[in-house]
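Q: With these hints in hand, go ahead and build the complete structure from the sequences.
Chains F and U, in that order, are what the protein sequence lines are.
Residues in the first sequence are numbered consecutively from 392, following our numbering.
Residues in the second sequence are numbered consecutively from 8, following our numbering.
Keep in mind the hints are simulated off the structure, nothing from the lab.
Every value quoted in this text rests on a predicted model; they were computed, and no experiment measured them.
Even glycine gets a Cβ: it sits at the ideal position worked out from N, Cα and C.
It cannot be assumed that every hint is accurate.
If you want the footprint, here are the derived chain U segments under chain F, 3+ residues with CB under 8 Å [stated by the list, open to error]:
{"#": "1", "segment": "17 to 30"}
{"#": "2", "segment": "78 to 84"}
{"#": "3", "segment": "89 to 101"}
Once the Cα atoms are required to be at most 25 Å apart in a straight line, the calculated PhoX-like pairs of lysine-lysine come out as [as the list claims (entries may be wrong)]:
{"#": "4", "chain 1": "F", "residue 1": "K492", "chain 2": "U", "residue 2": "K119"}
{"#": "5", "chain 1": "F", "residue 1": "K492", "chain 2": "U", "residue 2": "K92"}
{"#": "6", "chain 1": "U", "residue 1": "K72", "chain 2": "F", "residue 2": "K492"}
{"#": "7", "chain 1": "F", "residue 1": "K395", "chain 2": "U", "residue 2": "K92"}
What follows is each chain in one-letter form.
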Amino acid sequence: MDVKFVNPFVQAIGNVFRTMVQTEVTIGRPHMKADPAAPTDVTGIIGLSGDVTGSVVLSFQLESAVAIASKFAGTDVEPDHPDFADALGELANMVAGNAKKDFHGYEVNISLPSVIIGQGHKVSASHVAPQLVIPCDCPLGSFAVEVSVETDKQRSVTPSMASAEAGAGQ
Amino acid sequence: MKILLVDDSRTIRNIQKNTLASMGHTDILEAADGLLALEVLSKVTPDLMLVDWNMPNMDGITLVKKIRETDKRIPIMMCTTEAEKSRVIEAIKAGVNNYVVKPFTADTLSEKIDQTLAKAGAAG
Numbered sequence: 392m393d394v395k396f397v398n399p400f401v402q403a404i405g406n407v408f409r410t411m412v413q414t415e416v417t418i419g420r421p422h423m424k425a426d427p428a429a430p431t432d433v434t435g436i437i438g439l440s441g442d443v444t445g446s447v448v449l450s451f452q453l454e455s456a457v458a459i460a461s462k463f464a465g466t467d468v469e470p471d472h473p474d475f476a477d478a479l480g481e482l483a484n485m486v487a488g489n490a491k492k493d494f495h496g497y498e499v500n501i502s503l504p505s506v507i508i509g510q511g512h513k514v515s516a517s518h519v520a521p522q523l524v525i526p527c528d529c530p531l532g533s534f535a536v537e538v539s540v541e542t543d544k545q546r547s548v549t550p551s552m553a554s555a556e557a558g559a560g561q
Numbered sequence: 008m009k010i011l012l013v014d015d016s017r018t019i020r021n022i023q024k025n026t027l028a029s030m031g032h033t034d035i036l037e038a039a040d041g042l043l044a045l046e047v048l049s050k051v052t053p054d055l056m057l058v059d060w061n062m063p064n065m066d067g068i069t070l071v072k073k074i075r076e077t078d079k080r081i082p083i084m085m086c087t088t089e090a091e092k093s094r095v096i097e098a099i100k101a102g103v104n105n106y107v108v109k110p111f112t113a114d115t116l117s118e119k120i121d122q123t124l125a126k127a128g129a130a131g
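A: So, in structure tokens, the structure goes:
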């Protein structure tokens, strides 16, 4: 993944959590997502389309998710509260939206958020585009932001597509 | 003063309501997407609207264009994660009076609301 797409997410995470959750986030060293993926409890997912395609996933253990959603919403929200998924989806939306403004020269659309709640579920790493994990820690708990982005130019030279095209011609 | 909040996130609408309440505005109407907002507008004319961009069923920019086909007067603030200059220009061309980018602080939101209402008042 092109590093020019990583920094906007690091900046966006800090900005969104500082402004909306009133907490400072410490960013760990980004690394490629393991396969199989580590289990998680709550994920907020945003799709990217346009000149850049991919996804942004905010991934939380339950305790962190409850603390962060509650601080953001300004009231206690447990996982069965309708605002729990709403709050975490909106945070994912803001991180993706705030990051894409710094994808200079690329026109990007973001999807509506989807939120998955289920103890120990796994979001598999993409086999098409590499997925970068940005570990995050704040006084309310730890979470991770997983980013997978690809541009038109990159898509035209990915090995999987090249082999598919070669196969189609045989 | 009636204020219509249009956002698919109830958390955001609640945050906006808290800011508005701190400014003394408590007559708040809510809609979770553009279509529901049009239903509200068929019965009530608000004094201010805060409109999100990305929503299901009908997005905010389509809603603003539809409103401006018949009503040029309702002050509309776009409140969205869409922060690119091209989107701001698109929104202003569609008829938006002011623009707030998420994430926002309560101070920024209240300042923009005051600005928008002042401009609308000055325009008569």
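Q: Against the earlier hints, flag every one the structure doesn't satisfy and list their numbers going up.
A: 2
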